[in-house]
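The task is simple: from the sequences and hints, build the whole structure.
There are 2 protein chains.
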Amino acid sequence: MVAQSGGPTVAINASLLGIYEKAKQIGVKKVYGACFGVEGLIEGKIVDLDEVFAGFRRNLLMQTPACFLGSCRKRLPLVNDDSLIYDKILNIFKKLDVGAFFYIGGNDSMETVAKMSAYVKSVGCEISIVGVPKTIDNDLFGTDHCPGFGSAAKFVATTFLELERDCSVYCFPAITIVEIMGRDAGWLTAAAALARLNGMQGPNLIYCCEQSFRLDDFFADLNGEIKNKKKAFVLVAVSEGLQILEKSKGFEGKKGWFDEFGHAKNSGVAKFLEIAVKKEFGCKVRSIELSLPQRCCAHLASGVDLQESRQVGAYAVDLAQEGLNGVMATIKRVSNEPYRIEFGFVEALKIAGKVKQMSFEMLSGRNDVSKKAVDYLKPLIQGEVLIERKNGLPLYAQLNEATYIDLE
Amino acid sequence: MVAQSGGPTVAINASLLGIYEKAKQIGVKKVYGACFGVEGLIEGKIVDLDEVFAGFRRNLLMQTPACFLGSCRKRLPLVNDDSLIYDKILNIFKKLDVGAFFYIGGNDSMETVAKMSAYVKSVGCEISIVGVPKTIDNDLFGTDHCPGFGSAAKFVATTFLELERDCSVYCFPAITIVEIMGRDAGWLTAAAALARLNGMQGPNLIYCCEQSFRLDDFFADLNGEIKNKKKAFVLVAVSEGLQILEKSKGFEGKKGWFDEFGHAKNSGVAKFLEIAVKKEFGCKVRSIELSLPQRCCAHLASGVDLQESRQVGAYAVDLAQEGLNGVMATIKRVSNEPYRIEFGFVEALKIAGKVKQMSFEMLSGRNDVSKKAVDYLKPLIQGEVLIERKNGLPLYAQLNEATYIDLE
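Residue numbers (our numbering), protein chains in the order written: chain A, 1 to 408; chain B, 1 to 408.
Take the hints with a grain of salt, since some may be wrong.
When chains are identical, the list treats them as one kind, so a pair holds in a single copy or across two.
Within a straight-line C-alpha distance of at most 30 Å, the following computed DSS-like cross-link-like pairs (lysine-lysine) qualify [stated by the list, open to error]:
id: 1; residue 1: 354; residue 2: 332
id: 2; residue 1: 30; residue 2: 95
id: 3; residue 1: 354; residue 2: 284
id: 4; residue 1: 390; residue 2: 332
No lab work stands behind these hints: they were computed from the structure. The model shown is predicted, which means the values in this text are computed figures rather than measured ones.
Right, here's the structure in full:
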């Protein structure tokens, strides 16, 4: 049985496909899908994937973003707090003769993998619970990088290339601040630097949430850019999770800007900075939140990302076949050039709920990333995906009117 | 001589290429580019395009977004108010033996075409001033549609397909409000409806700025969607230029929401609606501004759009050769299926500064567009562009360290 969890990515369905195909390849009789993650699993929202995929062009899954089976944000309780939920899940597993459960998700989902695994072991049950990584944030421990991240990084870099063309057309000074997803880690923000690869200047300033950020420093950095540059525009990349450290220039820190009415609570850090910079500099300032498109931009997927996501799904099936339980499949980088990887695994408990931030050597000063970061990121955005289209638009797969199997 | 003006699009460089190549084809000895529109022209920022393109892969222009020659927002004064500017331009034209001037732009730029044309005629000069249309807003009179629009429409439709996948993954109710460019016309917002072509539900509600919009109606529409739908999410497309007609529910109209500190002035209509809906419904609400990417998304260009943009540029050269002056090249639609067009022209004076909104029959009720709109829009997003890439990213052209020619 397989389920998907957490925020959508472009590659999570490639992992689903990898799991399904590998399972059929090794002769597994039935593959089930649990819809809406563990939440749907508990409610018995199970589909027979062999039936779903009969007469279904399942290769479309490779190019379809988000979660084909739906997702959830549910955290399982501690077994001691509510063992009934675990009993419920176990009953469903037994009823359907489930030998392995694959959970594709991020660090919260790996907590679920660890808890479920501990439970089935504690009751002497031999069901393998195996995690498959995915997150555009790339912040999972134990794996060199996360499926889904490469495609999001390719979108960010491509968008920066295009924004640079757009911002360069006028003569008057203008500052554009682009907010990139990543609450706890700046990996995706760092990917903006890849826009420099093809002879463009790329973002002038990059602020990852691992870097100390002060408004006064930021203003000084902008001043430096405006004075030293031939071109009139300044393009800035900032992490969604940027922490503004000081109270200064009339702004009482990021939190102080949020008011009771709820305006600013709905705005991100780029909008906050836009207002601060406009007040300080008086020139044209624009903020852009890349928002959801960066995690569902399947039309711009990285070929490397999709291929690895499919393979890591298949590898998770290998792990289950070897009897491993409570682990997450991982990607290990063998070399950057030529780019080579191997697959491995790690105890889910070791990575559950943890966040892997960018290391000091991936950063450069307070407003850029290092060559090491670029070398690390570059292989992950390679390869184009030939999207199947109709009517000038991509064809995406969806689970239509799912018929949940009868568990009675 | 050719110049570009107004906001960037994906196709404006295709028109530049079309003009250049046609001019060379008919034996024009020199083709100049005026950088930064008429503003740069007046300042003598002229490049020799034959030199710029020597050893330059000018086919990259077909896939490069925004304005290769730069742009401006400058409006020329009335001749009676400041004829010196016109003399300055005429002197440059005479010095360089310019026989025709092509201005690629929107409705403000066509005002410039009309004024310049009237001036050269008034002084008995035989220089052809010809406009070439472009705008993602598609709001130019006299032409069936505008170069640049089709690519933006393809981006909007594709993004809606992807957002629908993204928004459909959770079980809990959520409303997503997407703001699309178009201050005065809803054409680009209407393109969101194309997301329905490939079997997806598409946006549940579409509000173009031509439709009357009241918050109470909007809340009622949302309630209807939430009650009648199988899925938990509601996806809404709104025009940037939407006018909110009533004061209601504690919001004193859109303007009342803007405060002195400047918060809301920086936010768009989608953010305003997000806050209003959150207050009314209490569920998860998100607003997304598609922002600049919708006008510079070259990686997702429409093949039809780029081809037509190149052709309309070449056709403008034909018009100049026929001695026409003060006109804009246009596109006339011959049929929808099969899609066929012809080129034509219109007096620039007749369209200058005017806005073509969507007609009543293109709309459907207060919250959707009609089949007629879809039939009109569909041909414009057809055709894929095989983008040349390096390092996993598109290769875009830029005018590096332009050497302006010496006018002394």
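Going down the list of hints, with the structure as the test:
no. : hint      : verdict
1   : 354 x 332 : within (18 Å within a copy, 60 Å between copies)
2   : 30 x 95   : within (13 Å within a copy, 80 Å between copies)
3   : 354 x 284 : between (40 Å within a copy, 26 Å between copies)
4   : 390 x 332 : between (37 Å within a copy, 25 Å between copies)
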